[in-house]
Amino acid sequence: MLMQQILNGVMLGSTYALIALGYTLVFGVLHLVHLAHGEVFMIGAFVGLQVVLWSGGGSLLAIVAASVAAAVIGMLIYLLTIRPILARKGHFLAPMISTIGIGIVLQEVATRTFGAEQVGFPNRLEATAWHIGPVTVTSVQLIILSVSLGLMAALHIFVTRSRMGMAMRAAAESSVISHTLGIRTDRIILLTFAIASALGGAAGVLVGLSFNAITPYMGVDMGIKGLAAMLLGGLGNIYGAMIGGMVIGVVEVISVAYLASSYRDAFAFIVIIAVLAIRPRGIFGSTHHVEG
Amino acid sequence: MLRVENLHVSYGKIRAVRDVSIEVNRGEVVALIGPNGAGKSTLLKTIAGILKCESGSVFLQDEPIHNMAAAEVARKGLVMVLEGRSTLKNMTVIENLILGGYMRSDHAEIAQDIQRMLERFPALKARQSQRAGTLSGGEQQMLVIARALISRPSLLMLDEPSLGLAPLMTAEIFAIIRELKTKHETTILLVEQNARQALQLADRGYVLETGRIVLEGAGLADNPAVREAYLGV
Ligand SMILES: Nc1ncnc2c1ncn2[C@@H]1O[C@H](COP(=O)(O)OP(=O)(O)OP(=O)(O)O)[C@@H](O)[C@H]1O
Ligand SMILES: [Mg+2]
Chain V
1 MLMQQILNGV MLGSTYALIA LGYTLVFGVL HLVHLAHGEV FMIGAFVGLQ VVLWSGGGSL
61 LAIVAASVAA AVIGMLIYLL TIRPILARKG HFLAPMISTI GIGIVLQEVA TRTFGAEQVG
121 FPNRLEATAW HIGPVTVTSV QLIILSVSLG LMAALHIFVT RSRMGMAMRA AAESSVISHT
181 LGIRTDRIIL LTFAIASALG GAAGVLVGLS FNAITPYMGV DMGIKGLAAM LLGGLGNIYG
241 AMIGGMVIGV VEVISVAYLA SSYRDAFAFI VIIAVLAIRP RGIFGSTHHV EG
Chain L
293 MLRVENLHVS YGKIRAVRDV SIEVNRGEVV ALIGPNGAGK STLLKTIAGI LKCESGSVFL
353 QDEPIHNMAA AEVARKGLVM VLEGRSTLKN MTVIENLILG GYMRSDHAEI AQDIQRMLER
413 FPALKARQSQ RAGTLSGGEQ QMLVIARALI SRPSLLMLDE PSLGLAPLMT AEIFAIIREL
473 KTKHETTILL VEQNARQALQ LADRGYVLET GRIVLEGAGL ADNPAVREAY LGV
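Protein chains in written order, with this note's numbering: chain V, 1 to 292; chain L, 293 to 525.
Be aware that one or more of the hints could be misleading.
[As the list claims (entries may be wrong)] Which residues of chain V face chain L? A partial, calculated answer using Cβ under 8 Å: (1) R163; (2) M166; (3) R169; (4) V176; (5) I177; (6) L181; (7) I183; (8) R184.
[What the hints assert, rightly or not] SDA-like mimics (lysine to any residue), calculated; alpha carbons at most 20 Å apart, straight line: (9) L:K344 to L:R307; (10) L:K368 to V:V176; (11) L:K381 to V:R281; (12) L:K368 to V:S175; (13) L:K417 to V:R161; (14) L:K473 to L:R318; (15) L:K344 to V:R88; (16) L:K381 to V:V176; (17) V:K89 to L:A361; (18) L:K344 to V:S174; (19) L:K344 to V:G90; (20) L:K368 to V:D186; (21) V:K89 to L:S302; (22) L:K381 to V:M164; (23) L:K344 to V:L86; (24) L:K381 to V:S174; (25) L:K368 to L:P356; (26) L:K381 to V:T160; (27) L:K381 to V:F284; (28) V:K89 to L:K344; (29) L:K368 to V:R184; (30) L:K344 to V:R184; (31) L:K368 to L:N317.
Derived by calculation from the structure, the hints in this document are not laboratory data.
For every residue, glycine included, the Cβ atom is placed at its ideal position computed from N, Cα and C.
Same shape as in the complex, but just chain L (with noise of 0.2 Å):
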């Protein structure tokens, strides 16, 4: 579904991603790990198109699209839900989740959709009107990820969504996570610095240092390299 090939991308002189190469196919969850600075928010941006790339290339249904705009990205199906709480703040719960919507045409159907999260997440429910700025962090990440849920993506990546929420909000989102792929079989990228979850949730996994990849494959959660710099065991 999604193959990127021998991606480099920098900032200036600093060398961010180099020569990664990485794979997900339908249904599958993917987990990327990796130490703070390792360059995971970057591979997702350029995959997104929000970055562009030095050289490589990054092909979605086989279809290259390393030289189209993030929005044309997203058009293709291939979704993304940026690091930190990236809910539009301004604008209420409700409008958030509508422009979820943007890119379907289908009115009626989005109106359910809508409807369906808002039962899905009685807190979003209980502030529709609200504007986006005013929920709590955990509430505006599930707000973030209902809203890229609406735009029924074929690929969803997700950028770290367990950041800075207490336990009991991270394992409702790692619920929603594995209900996604259970429920639904959503195909999902995922970074987190969460490694146990995510490698327990995963179907695969990639680590990612200084910008290369340095393991890959399923039950990563049983290496000892893993075991040691990750799980902390």
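With the rest of the complex left out, here is chain V (with noise of 0.2 Å):
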């Protein structure tokens, strides 16, 4: 029972990896809370649900196709709604703003578009379930559960072994020092608003697997978790979204099986909070980008 919990807790909590690592990318760069991320990952679902419907297609298409519209939402977000505010200099909290209002744009397009109700988001995948010891693991979550660690470890792959990867950590560290080595910041902020930006739509096409369901709203609630797995993990270090994710994912499953499902989210946050008063940095944290 507890190890079903757990892997259900894992695989839930993964999904606010991805997200969260999409905050921490941003954050790691930018130092900005992109309010947006939500719905760049509900947006992705959407993406997702109409690929499987028009083209039969199954889940990994529609997560390919998802990630690769958010990417180039992302991109576009950062160079019509942040860049150009940026550039201005005015105060810090003017680009998070500016966020928030894209955000919304994007939940009010989705709405006239896709309509307010929630949508069935099938899939064809076959309802294997295979019995390992006292732990059930369905076909839905095999796939949740190997994209999602694929993608955390290819962004760990992509960000110690490659020199664009560590182009992006020099950047997340020091602008300064970044040009001095003639890294162009302003590229790799475009690519991290890309790669963050798929991770959010792969997301997004995962939880509609999970629950099988999708809203406009959806980008709200989720994406508080992942900010609030960010926070968990420690301001822009990737390793601690991963782990702030699976956290909260695991409590909340948790909490439901054990304790009164109603309170679902509140207990996740008093988890949070707790971990928060004790190592107000977060998990993996440093002083570093919070002190800027």
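Please dock the two separately framed chains into a single complex, following the hints provided.
Printed below as a string of structure tokens:
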């Protein structure tokens, strides 16, 4: 029973982690909380749904399409609504307010296009289930777990093994030092938005698959979970975002199983507040990003 | 190679660099000395494109670079080592060195250059996979110099490389610069508090005081005003 709950929690948490990674990557390079990221995730889910419906394609095709679409939207958000405001060097909150604005725009566009109602998210997977000891794993769960863990592993390899990924970490640490190394941080930031948003788009499809339903407002709740997971793990730290997401997922699922299910979110956030009270910078947080 | 003409730089109302003109020729080591707050770092950062000038011009091999972004200036071969320990502290020693080769695309040769640097600086070799932030000040200074050299600059600007280092480490830093000059004929613009050693090593020098060049030329170490103000004799 407990093993099963932990597995379910890790599954849910891995989608939170994907969303949290988006926040943390953007925060890393721009010190900006990208509040439209939840909506990028939501658009990803809808793009995935359309691809499944129109092409009759499988879930993996939907994930790829959603990631690409989300990446494009994420880059446009940066180019059109964040960069121009940063360039004017206004109040430091101005770009964040701008992301709230574009998030609302995306939500309303989705409502007009797809309707405000919850829509079903079909999957053409065979409903196979495997029993491993006390644990049952369905094919949907397997896809969600392997895609999200695979994406996290890929991100880890990218930032530690490729020059581009190292440049991204360099840009997050110091743009001036990066410039002296010839790193064009403006391009790196754009790339960061693309990667962050692609992860969010993929998460959109995974959440659609696991809940079988999506709505234009799903970005709000999931966005807050993702933000919380980033804070829990430590601002700007990608491993923190991964762990933070998993912790929230597991706590949430276990609280539903053993406590009252109507308190699932409340309980998850009580744990977050408790952890932050003990470690204000999050599990992996350093003073570096907080103090800039 | 580098020509700076009538450069003015301000921070708001504070005028940090006033009407500065300097020149660095290919293969030369040129020292820039002056008291704290004279504007030495400001001048170097402006040449590197990190700060924008108010007026004046900077030419690198006769090409104007004063309106270029800092990353583009670096890509032209004019590489600056910032004041302080400007390592990427959250990244490992080897990652810092790899990013030194970020502007190059000859991967096999970059790997060779990195190996050569690790041989040249055994302290770095022993700490390859350690986070740069955990190195001592002197080791970090070695690392930033090694990293800059891996980018194969046509002109290297060093801002107080020996700042805050113990005499032995300072001597080591100067030995490296001397080696760059004699063995590799690297063109260097060197800012130093350590005026005696800097002038000894350099082909020529400039003295910057409150934003203006007040003295220049070869043999500044023999100039009575310089001897009194900077060499303490
Ligand atoms: N970011 C800044 N904002 C405002 N004023 C500044 C800034 N940076 C430097 N200054 C001022 O500009 C002047 C020149 O500073 P700069 O750092 O170029 O001096 P320096 O010659 O490098 O000094 P040091 O030897 O102490 O490094 C100083 O008066 C300094 O106070
Ligand atoms: Mg200085």
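Cross-check of the supplied hints:
{"no.": "1", "hint": "R163", "result": "holds (6 Å)"}
{"no.": "2", "hint": "M166", "result": "holds (5 Å)"}
{"no.": "3", "hint": "R169", "result": "holds (6 Å)"}
{"no.": "4", "hint": "V176", "result": "holds (6 Å)"}
{"no.": "5", "hint": "I177", "result": "holds (5 Å)"}
{"no.": "6", "hint": "L181", "result": "holds (5 Å)"}
{"no.": "7", "hint": "I183", "result": "holds (6 Å)"}
{"no.": "8", "hint": "R184", "result": "holds (5 Å)"}
{"no.": "9", "hint": "L:K344 to L:R307", "result": "holds (13 Å)"}
{"no.": "10", "hint": "L:K368 to V:V176", "result": "holds (16 Å)"}
{"no.": "11", "hint": "L:K381 to V:R281", "result": "holds (18 Å)"}
{"no.": "12", "hint": "L:K368 to V:S175", "result": "holds (18 Å)"}
{"no.": "13", "hint": "L:K417 to V:R161", "result": "holds (19 Å)"}
{"no.": "14", "hint": "L:K473 to L:R318", "result": "holds (11 Å)"}
{"no.": "15", "hint": "L:K344 to V:R88", "result": "holds (16 Å)"}
{"no.": "16", "hint": "L:K381 to V:V176", "result": "holds (14 Å)"}
{"no.": "17", "hint": "V:K89 to L:A361", "result": "holds (17 Å)"}
{"no.": "18", "hint": "L:K344 to V:S174", "result": "holds (18 Å)"}
{"no.": "19", "hint": "L:K344 to V:G90", "result": "holds (19 Å)"}
{"no.": "20", "hint": "L:K368 to V:D186", "result": "holds (18 Å)"}
{"no.": "21", "hint": "V:K89 to L:S302", "result": "holds (18 Å)"}
{"no.": "22", "hint": "L:K381 to V:M164", "result": "holds (18 Å)"}
{"no.": "23", "hint": "L:K344 to V:L86", "result": "holds (18 Å)"}
{"no.": "24", "hint": "L:K381 to V:S174", "result": "holds (10 Å)"}
{"no.": "25", "hint": "L:K368 to L:P356", "result": "holds (11 Å)"}
{"no.": "26", "hint": "L:K381 to V:T160", "result": "holds (15 Å)"}
{"no.": "27", "hint": "L:K381 to V:F284", "result": "holds (16 Å)"}
{"no.": "28", "hint": "V:K89 to L:K344", "result": "holds (15 Å)"}
{"no.": "29", "hint": "L:K368 to V:R184", "result": "holds (13 Å)"}
{"no.": "30", "hint": "L:K344 to V:R184", "result": "holds (17 Å)"}
{"no.": "31", "hint": "L:K368 to L:N317", "result": "holds (16 Å)"}
In this structure, none of the earlier numbered hints is contradicted; all agree with it.
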